[in-house]
Amino acid sequence: MSDSGQITLPPLTKASHASHCNRCLQGLPAGQIEVDASRVAIGFYSLGSLDLLGLLQSKTIDAEREAWRVWLWQQQASGSYGTGFKGSSYMTGHDRDPVVDYSEYDTPNLIMSYTSLLSLAILRDDLANLDRIGLIQFIKSCQRDDGSFSALPNGGESDLRCVYCAFTISSMLDDWSGIDLERSIAYIRRCESYEGGYGQAPYGEALGGTTYCALASLHLAPDSPTRLATWITPAHRARTIRWLMQNQGEDGGFSGRTNKISDACYCFWCGASLAILGLGEDVDSEALAGFISQCQFKFGGIAKAPEARPDPYHTYMSVAAMSVLPPSIPTDDWTLPPLDVLWNATKETVAWLRAHVTEAGIAAAHAS
Amino acid sequence: MSYLSSEDDVAPLLYCERPEWQDVTPISQYEAVSSPIAPIFYTPEYKDATNYFRGVVKTGETSERVLELTERIIRMNPAHYSAWQYRYRTLLATNAPLDVELKLMDQIAAHNMKTYQVWHHRRLLITQLTSASLAKDPVDTATAELEFIGNVLALDTKNYHTWSYRQWLLAHFDDAGLWLGELPYVDDLLLEDVRNNSAWHHRYFVVFGRGSRSQATPAEEGEVLQREIRYVKDKISVAPNNPSAWNYLRGILEYSNTPFSTLLPFTEPYTRAYVQPTDDVVDLDNPKPSSDATLPCVAALDFLAEAYVRAGGDGVGKAVELWKQLANEHDTMRKKYWEYRIKEALEGKTN
Ligand SMILES: [Zn+2]
Numbered sequence: 001m002s003d004s005g006q007i008t009l010p011p012l013t014k015a016s017h018a019s020h021c022n023r024c025l026q027g028l029p030a031g032q033i034e035v036d037a038s039r040v041a042i043g044f045y046s047l048g049s050l051d052l053l054g055l056l057q058s059k060t061i062d063a064e065r066e067a068w069r070v071w072l073w074q075q076q077a078s079g080s081y082g083t084g085f086k087g088s089s090y091m092t093g094h095d096r097d098p099v100v101d102y103s104e105y106d107t108p109n110l111i112m113s114y115t116s117l118l119s120l121a122i123l124r125d126d127l128a129n130l131d132r133i134g135l136i137q138f139i140k141s142c143q144r145d146d147g148s149f150s151a152l153p154n155g156g157e158s159d160l161r162c163v164y165c166a167f168t169i170s171s172m173l174d175d176w177s178g179i180d181l182e183r184s185i186a187y188i189r190r191c192e193s194y195e196g197g198y199g200q201a202p203y204g205e206a207l208g209g210t211t212y213c214a215l216a217s218l219h220l221a222p223d224s225p226t227r228l229a230t231w232i233t234p235a236h237r238a239r240t241i242r243w244l245m246q247n248q249g250e251d252g253g254f255s256g257r258t259n260k261i262s263d264a265c266y267c268f269w270c271g272a273s274l275a276i277l278g279l280g281e282d283v284d285s286e287a288l289a290g291f292i293s294q295c296q297f298k299f300g301g302i303a304k305a306p307e308a309r310p311d312p313y314h315t316y317m318s319v320a321a322m323s324v325l326p327p328s329i330p331t332d333d334w335t336l337p338p339l340d341v342l343w344n345a346t347k348e349t350v351a352w353l354r355a356h357v358t359e360a361g362i363a364a365a366h367a368s
Numbered sequence: 001m002s003y004l005s006s007e008d009d010v011a012p013l014l015y016c017e018r019p020e021w022q023d024v025t026p027i028s029q030y031e032a033v034s035s036p037i038a039p040i041f042y043t044p045e046y047k048d049a050t051n052y053f054r055g056v057v058k059t060g061e062t063s064e065r066v067l068e069l070t071e072r073i074i075r076m077n078p079a080h081y082s083a084w085q086y087r088y089r090t091l092l093a094t095n096a097p098l099d100v101e102l103k104l105m106d107q108i109a110a111h112n113m114k115t116y117q118v119w120h121h122r123r124l125l126i127t128q129l130t131s132a133s134l135a136k137d138p139v140d141t142a143t144a145e146l147e148f149i150g151n152v153l154a155l156d157t158k159n160y161h162t163w164s165y166r167q168w169l170l171a172h173f174d175d176a177g178l179w180l181g182e183l184p185y186v187d188d189l190l191l192e193d194v195r196n197n198s199a200w201h202h203r204y205f206v207v208f209g210r211g212s213r214s215q216a217t218p219a220e221e222g223e224v225l226q227r228e229i230r231y232v233k234d235k236i237s238v239a240p241n242n243p244s245a246w247n248y249l250r251g252i253l254e255y256s257n258t259p260f261s262t263l264l265p266f267t268e269p270y271t272r273a274y275v276q277p278t279d280d281v282v283d284l285d286n287p288k289p290s291s292d293a294t295l296p297c298v299a300a301l302d303f304l305a306e307a308y309v310r311a312g313g314d315g316v317g318k319a320v321e322l323w324k325q326l327a328n329e330h331d332t333m334r335k336k337y338w339e340y341r342i343k344e345a346l347e348g349k350t351n
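Chains A and B are the protein sequences, given in the same order. Residues in the first sequence are numbered consecutively from 1, following UniProt numbering. Residues in the second sequence are numbered consecutively from 1, following UniProt numbering.
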């Protein structure tokens, strides 16, 4: 039971979390080899944390940020499936061909394209190098017949996470021509489980992360203002809200599935889902902050649970959750800049991206 | 005899030291800048193997030694999806025996249950193995596969990838005999842990989801629904404070458009503050909470309020009373949520 009046919240140790993320940006030990193919995502979680903590400028130096931008652009590759970003240089040889950017075994990745765009915006890149037309073609290459998207254009995982990335990139570019929307929306709706949450794919068990992906996608879709209530009927909406609320545990954190233990990342996925549905204010945010505070690792970074090892993913998700659902008794150290809950980046970064990547934004910049 | 090769536990030679790999030109990784994002301090073995892998991909070689190379990389980094993709291509190109590959994967999967690629590779193998040209009996293969999945789930009964794979397998073969074995399997898992939500979810998948296609007449469907309602009531009576079971109950009632109010006689005892002394007549249709249950049960109060509000009329007032109890006494963490429910109901939004 929460008794928020009596709980004193330990401080959010921003500087130590920033140091953790900075260390990860500098390099990872061999034990982290499983992220070799997705270093771009590690970069996004680390840079995103620094952005939210307001410490990107002070904790990193110009030359580093410039090198990271150059490296990210190196991951943009064009070929028969269109243009997108690879998850890392792990398949890039020193003999790389300047004409043929990728082979069948080294294609760009949809999830990594989303995180690259956000990372470049966080680094305030002008995005002039972005191949917008190629990126739309790439999105098209990743859509499957059932309306879902896969991370790779030539096979592999196809699920709601990739649908979300396709929708968000289309929203960023303000160009939806790469998506067969009707099919995608039907797919998203097929992923809803009897519990009220959405599974990773149709018939899957309700899961916090993919519930966020489903809700955010449906809210981003261009005809959402007029059609949302038919995609999420009042009865379905009520069921989803109930399930999300039920996932907040006695310890204040959210679990990703019914009867699982709380995990810091689901504080964002479930909490942001509730915020999207207009119920952010109704979450017990003191208890939530209490849980996150317990997940702080003594040497910096935030872990999935108290006493666990921190990582950039759980650090970012925790801080993002605290931005969306701040404790109602604000204290200096728990105050964070506002987050765009659908794109999952600070509002300032989103504004930068919009101004530099949409045709309207670019035109406005040229006119002024 | 060199002393190196006589040792069993000696690390395998690096590819750059192996004469049989001399014809391959290794290609080192290109980073573009001296301080890239999150560089990994590779072990010499990983760096060496991936240098040769890039070399092999470049020439397009598909051969037995490529299988050895990709296996080595996958064992070091099971999330190396290029190695998986290239391995699968090589298996097909060399006509490698896929049942042998599957055996190897049994071992790799058990150690890397949380890696997506492991399960995706299995899907590809099983699909290929049971395609007409290879003339493997699909149901035999699927049966063996279900046994394998069961062994892996025994190590981690809630692994999302493994459950997704099991559900994919059942839907892919869609064989009545295979579906039939699933309920006893779920029963066993729920006897072991009645709070295993993945098992409850699987039950729904089998009975009302993808597996329900095999059911025929409405009468049979009605029987199945009654059987499931009895089943979940029994499970609730054993452990009332189990959201998985209540969610299942609500799910099947909604699926079948059965009014929640039909469950009022069952639910009410769970909403009281203590277990009522049992009378002589045991109502098998409405099993009572176990004597050690913590009451009232939040999920039961929630259910009862839902039943009232859906019934409309003076039910709204009764629901509001229950929500107030939840907000102020029994589920204070969700105080604002219950107050939101009250507000919505009073505004006439009953859903
Ligand atoms: Zn997590």
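Derived by calculation from the structure, the hints in this document are not laboratory data. Computed from a prediction, not measured in an experiment: that's the story for all the values here. It is possible that some hints are incorrect.
As the list claims (entries may be wrong) - Quick list of the computed label-pair ranges, beta carbon to beta carbon:
{"no.": "1", "chain 1": "B", "residue 1": "171", "chain 2": "A", "residue 2": "95", "range": "41 to 47 Å"}
{"no.": "2", "chain 1": "B", "residue 1": "291", "chain 2": "A", "residue 2": "182", "range": "53 to 59 Å"}
{"no.": "3", "chain 1": "B", "residue 1": "139", "chain 2": "A", "residue 2": "348", "range": "53 to 59 Å"}
{"no.": "4", "chain 1": "B", "residue 1": "20", "chain 2": "A", "residue 2": "16", "range": "29 to 35 Å"}
Unchecked claim - Below 25 Å or equal to it, Euclidean Cα-Cα: the simulated DSS-like pairs (lysine-lysine) are:
{"no.": "5", "chain 1": "A", "residue 1": "260", "chain 2": "B", "residue 2": "318"}
{"no.": "6", "chain 1": "B", "residue 1": "47", "chain 2": "A", "residue 2": "260"}
{"no.": "7", "chain 1": "B", "residue 1": "58", "chain 2": "B", "residue 2": "114"}
{"no.": "8", "chain 1": "B", "residue 1": "343", "chain 2": "A", "residue 2": "260"}
Said to hold, decoys possible - Quick look at which bits of chain A chain B covers, simulated, 3 or more residues with Cβ under 8 Å:
{"no.": "9", "segment": "33 to 46"}
{"no.": "10", "segment": "320 to 330"}
Cβ atoms here follow ideal geometry from the backbone N, Cα and C, with glycine treated the same way.
Results of checking the hints against the structure:
Hint check: residue 171 of chain B to residue 95 of chain A, Cβ distance near 44 Å, so the stated range 41 to 47 Å holds. The hinted window of 53 to 59 Å between residue 291 of chain B and residue 182 of chain A holds, with their beta carbons roughly 55 Å apart. Checked against the hint of 53 to 59 Å, the pair residue 139 of chain B and residue 348 of chain A passes, with Cβ atoms roughly 58 Å apart. In this structure the hint that residue 20 of chain B and residue 16 of chain A lie 29 to 35 Å apart at CB is violated, the actual value being about 51 Å.
Among the hinted pairs, residue 260 of chain A with residue 318 of chain B is inconsistent with the structure: their alpha-carbon atoms are about 32 Å apart, more than 25 Å. For the hint pairing residue 47 of chain B with residue 260 of chain A, the CA-to-CA distance comes to about 38 Å; that exceeds 25 Å, so the pair is violated. As the CA atoms of residue 58 of chain B and residue 114 of chain B are separated by approximately 30 Å, the hinted pair breaks the 25 Å bound. In summary, the hint linking residue 343 of chain B to residue 260 of chain A is not supported, as the alpha carbons are separated by about 30 Å, beyond the 25 Å threshold.
Coverage of the segment 33 to 46 of chain A by chain B holds in this model, with 11 residues showing a Cβ closer than 8 Å to a Cβ of that chain against a need of three. With 0 residues having a beta carbon nearer than 8 Å to a beta carbon of chain B, the segment 320 to 330 of chain A misses the requirement of three or more and the stated coverage is violated.
Hints 4, 5, 6, 7, 8 and 10 from the earlier list are contradicted by this structure; the remaining hints agree with it.
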